[in-house]
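Student: These are the residues of each chain, in order.
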Amino acid sequence: MPLLRVDSMTHYFGGLRAVHNYDLAIEPGQIRGLIGPNGAGKTTIFNLITGRYTPTEGKIVLEDREITGLQPHQIASLGLGRTFQNLRLWRHMNVLDHVKMAHYSKITYGLMGAFFGTPKRTREEAEIEDESYSLLELVGVSHLADQIVTNLPYGAQRRVELARALATQPKILFLDEPTAGMNPEELAQMMEIIRHVHAELELAIFLIEHRMKVVMDLCQVIQTLVFGEVIAEGNPDEIRNNPMVIDAYLGKEVEV
Amino acid sequence: MGAGLESSTTNRSSMRNRLSSYWEPYSQVPWLGWLVSALIATLLEQLIGTPLARVLGLTKPPALFGLVIMLKEPGLIPSALVYVLLIYLVPIGLVARFGASLANKVAARLLDYPVVLSALVHIALLYATLHLWSGVSDYRLLVVKLTLIAVIVTLSLNVVNGYMGEFSCSHPGFMALGAYGASVFTVLLFVQDSRFGPPLLPLPLVLQHVLFPISLIVGGLVAALGALLVAIPSFRTRGDYLAIISLAFMFIVKSLFENLEFVGGPRGLGNQPDLATLPWVFFWTMACIWIINNFVRSILGKALNAVRDGEMAADAMTVNTRHTKMVAFLFAAFWAGVSGGLFAHVLRYINPGTFGIRKLAEVLAMVYLGGLNSVAGSVVGAVGFNLLSEALRPLEIFKWIIIPVLLIVLMVFRPTGLIAFTELDVGELLKPKVKPEEEVEYAAATR
Ligand SMILES: Nc1ncnc2c1ncn2[C@@H]1O[C@H](COP(=O)(O)OP(=O)(O)OP(=O)(O)O)[C@@H](O)[C@H]1O
Ligand SMILES: [Mg+2]
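Sequence order for the protein chains is A and B. Okay, so the first sequence: first residue is 22 according to my numbering, each after it adds one. Okay, so the second sequence: first residue is 109 according to my numbering, each after it adds one.
Next up, chain A with everything else stripped away, as it sits in the complex (with noise of 0.2 Å):
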């Protein structure tokens, strides 16, 4: 049974049909793969995904459970997290609050322990900031950890952004271009750190890439998207030999 499963989802923003008849099934620790041209809906099947937007149509369901029309932070505990395409780190927290903010729903101590700072706070806080450094170590940001985000270089502020998904302690991570504007060798301790984190937590893992190799490398099914449509599916070597998939986007960048 799969971990994760999309039944012909369809979205429409206002005229525009960016998803259409969107069919998905992650098994558990599966790493798969979302490429696509620019502006084909892959962000937006992210976003539908996790609550952002309410699917027009279709149905989502997660471990048996329909998440459809669930709020964003409900079906993040329940155990979908993910990373932005374009960073979204808070400007004015430092690394370590990022990891231990994502640990929000897991608290229990409520209100009067935030208010009166009462020892099962104090307790449970801890927990969480050790859970929180051993993430940060994970992704190899632990020595930054009282950095304010904004100080940080790019490939850093990326993997304070996974810790800080991972913290959610998802069942399935989504990684919306993980590698995104990174020089070849912060590429390359990226693709190390998704395999690492990948074995170490046992979580699966759909990803959106816009670089052949990373997808290539690291997934074990790839959807091809075109204007809101998978035109193939398969295994990497499926995908690079599939003439639609070479016509309509692998074409010009096998050649470069």
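Source of the hints: derived by calculation from the structure; they are not laboratory data.
Looking from chain B toward chain A, a few residues come up when the C-beta cut is under 7 Å (computed): (1) ASN402; (2) SER406; (3) LEU408; (4) GLY409; (5) LYS410; (6) ASP417; (7) GLY418; (8) ALA421; (9) VAL427.
Predicted model only: the values in this text are computed from it and were never measured. All C-beta atoms in this analysis are idealised placements derived from N, C-alpha and C, irrespective of residue type, glycine included.
Fit chain B with the ligands to the known structure of chain A by using the hints.
Tutor: Just chain B with the ligands now, with coordinates in the frame of chain A:
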């Protein structure tokens, strides 16, 4: 010309060096040292303040560090300066300077215990100082109480406008709700009143004092209830509705009380029992600082920052953004209500006109002067603004020209306010300024 420029900059930098070398020993003084020095200065004033004032040709000790006198009667400026120098500056300077090493030792020792103990010692010293200082005249007492109350409102508005990054204008309305709520409670229960009749609960004065906090909590809850009316429509959708809705709310509350005859309509409501003593006002201010500081440093409180700096990322990270905003807004309104209740019982008379646009301007000024997203900033903003405003009182109407101009100048040079975007760590604040080992080296170096 180049040389002239150069020499003027070297002059300036040597002056700065000189200044900082004078200041150097004082930077080693921990808060404990300053508080003890201030306490000693106020004790000194108790002992010799009045005779000294007479000798200097002043009728009584200057109420506010001579600031008022200087503006009122320029001829007395030298006397006022000498008074301030002899009573405050010199004693505080000497005690702080030469008591620093002892104060550092004691501060270090205190932190061997839980930080609460150290905090309580500091708070006790602060209270003792305020108590003695305000004991000299009723005017001082009033200024101290109103300043403490201003600290509460400022902090609570900072939760919304600073930490949460929304723009709310409804705080005078919440103060009004708290003021009327608490006043009706105490007048109805405790006193004989022409409007409310005989006391429902005629208690001895001591018990009235003991029960006074209940009336403040009632006031706070009434304000929070009002906040719910603002919050429900404002936080339902994304967008900047809060500024408009909250402004409307403030005017609605004001005209509501103007039209409610049973609380006196536009003539206002008086006859509140004299329960807002300095200990209570001080207690509530400290409680407010402590609780709000606890809140904004917790993950639940920092969620406000996350909502402010990126709502989309916040809810993708499991933060319930709507709940977070509602809670913070009601929480802030509660404290504004408490401050309103205290305000009503300090002045023992309120009318709807007090809680209008001018109050709003004051509270906003205090928040932005002190600095957004900062507990320390709000304390500094409220105290600074109140002292300034009292000191400039003799200028009457010009006060309302000078204060805005000062604010504008400040905004030009420090756009975020005096102390913005900081976290107040009490343990860190109360730490000794010099560790015992360094102390030895420092003493050796200066010898
Ligand atoms: N909130 C929105 N309102 C209206 N139209 C939108 C919205 N979000 C996306 N679109 C449109 O939907 C289409 C798909 O956009 P989307 O961002 O999903 O593309 P993408 O595949 O992620 O592209 P890219 O590779 O550039 O990130 C585009 O035409 C875009 O303009
Ligand atoms: Mg995109």
